[in-house]
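The listed protein sequences correspond, in order, to chains Z and W. First residue of the first sequence? That's 10 in our numbering, and the numbers climb one at a time after it. First residue of the second sequence? That's 214 in our numbering, and the numbers climb one at a time after it.
If you're looking for bench data, these hints aren't it; they were derived computationally from the structure. All clues given are correct.
List time: in silico BS3-like cross-link candidates among lysine-lysine, alpha-carbon distance up to 27 Å:
hint : chain 1 : residue 1 : chain 2 : residue 2
1    : W       : LYS224    : Z       : LYS109
2    : W       : LYS224    : Z       : LYS202
3    : W       : LYS282    : Z       : LYS157
4    : Z       : LYS157    : W       : LYS303
For reference, the chains in residue letters:
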Amino acid sequence: MIYVYAIIDRPTIPVPDIPGLEGTALDTLPYRDIGAVVSLSTMSKVPPIEANLWQHETAVEALMTDHSVLPVRFGTMFPDEAAVQAELSTHYTEFTAGLKRVRGYVELGLRVLWDNDSDLPLTPDQQLLPSPGSGRAYMLARLEEECKLQVRRERANALAEDIHTPLARLAAETTRQTLITPRLLLTAAYLVKREQVAAFRQEVEMLNSTYPRVRLLCTGPWPPFSFVAVTDEQ
Amino acid sequence: MSDEQQFVNSKLLFEQGNLDDFAAEMEQADSALPRRVNADPEGVERGLAKLVLTVIELLRQLLERQALKRVESGSLTDEEIERLGTTFQKLQARMEELKRVFGLEDEELNLNLGPLGDLL
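Kindly generate the complete structure, drawing on both the sequences and the hints.
What follows is the structure in C-alpha cells.
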C-alpha cells in the first residue's frame, strides 16, 4: 500500500531525508508541477496511535521548509502508485489552486476557555424535577432558565467576536466555532503569513490582558489542515 | 524531556493556565456527537444507545424549546401549560432512566445546538 502525507508543489526538489511511517523513506510521486509525498506501507490500515500521528505530522512539517504543502488527513492510503497518480490528475486544478492559496502561509490555532463565574447557568439544569403534578411550575422554571441561557449565549457570542476580530485582521482566512462545550468559548483557526506569526502572537497576548476572564491557548505554526480539502476516502 | 514533549512545547505560541483544562474541554467537544458507532461486539449496544439517545435528547430539547416559546408568547392556557409541563417532566424522567440503563453520563450526550439554537 502507498501512504500519502501531503500534496506539494515543486516536486523536483528532493523531500527531506527523514523516516516516514514504519521507518520507510519518504518519496515523491510527481504529476506535472505538483506531487504526492508518500511512503510504502506493509499495513492496509495505519492505526491512529500517538507515535504514528507524530510521524505523519513530523513528515508534513518537514516538507513545509521547501514546499507549499497541502496536508493530507492521517491514514490516507492507496493501493498502488497508479491510484495516487489518478488522484493527482483528477484533482489537479483543485490541488494547484489550494497550493497557491496556502503558499507562504501557516495555520495558527486558538482555543479560548471561559471561566464562567457569573450567576448565569452553563447548561440547562437537568436536575430540575419539581414534584409530579406541577407541570406549570416546571414550564415556568424552565422558561426562566432558558432566558438566562439566552443571555449567556449572547454574551458569549459578543465576547468571541471581540477576540476573533482583531486576530482575523492578521489572517487571510479563518474558521471558528463558538461554545462547542459550555466552557470552550471559541475554537478558531487562522491562515497567517509566516512573517506575521510574531505579530499574531503579540495580539493574542494583548487580548489575554484585555479580557482577564478568559484563558487563551494559541498553537502553531501548523500545516494548513483547516484550510484545505483533500479527498481522503478511498 | 522526551521528543514529543519538546515538540508540544515548540507548538505553544501562547498559553495561560493549565493545559489539562483545555485538554479536558477539547476531549468533551470531540465526544459530543459520535462520528462512528463503536461496532465492536462488546461496545456496539452502548454505541448505538448513545447515538439514539443523543438524537432523542436533541428532539426532546427542541420540542421543549418550542413549547417554551409558546408559553412565553402567552398563546397557551394554564391547563395546556400544565399538560405540556407534565409531559416534558415525564420525558425527562424517562431519559434519565434510559441513561442509567446504558450507563451513559449527561456529558456523553452533550449536545451543542450551536447555531441551531438560534433557529428556534
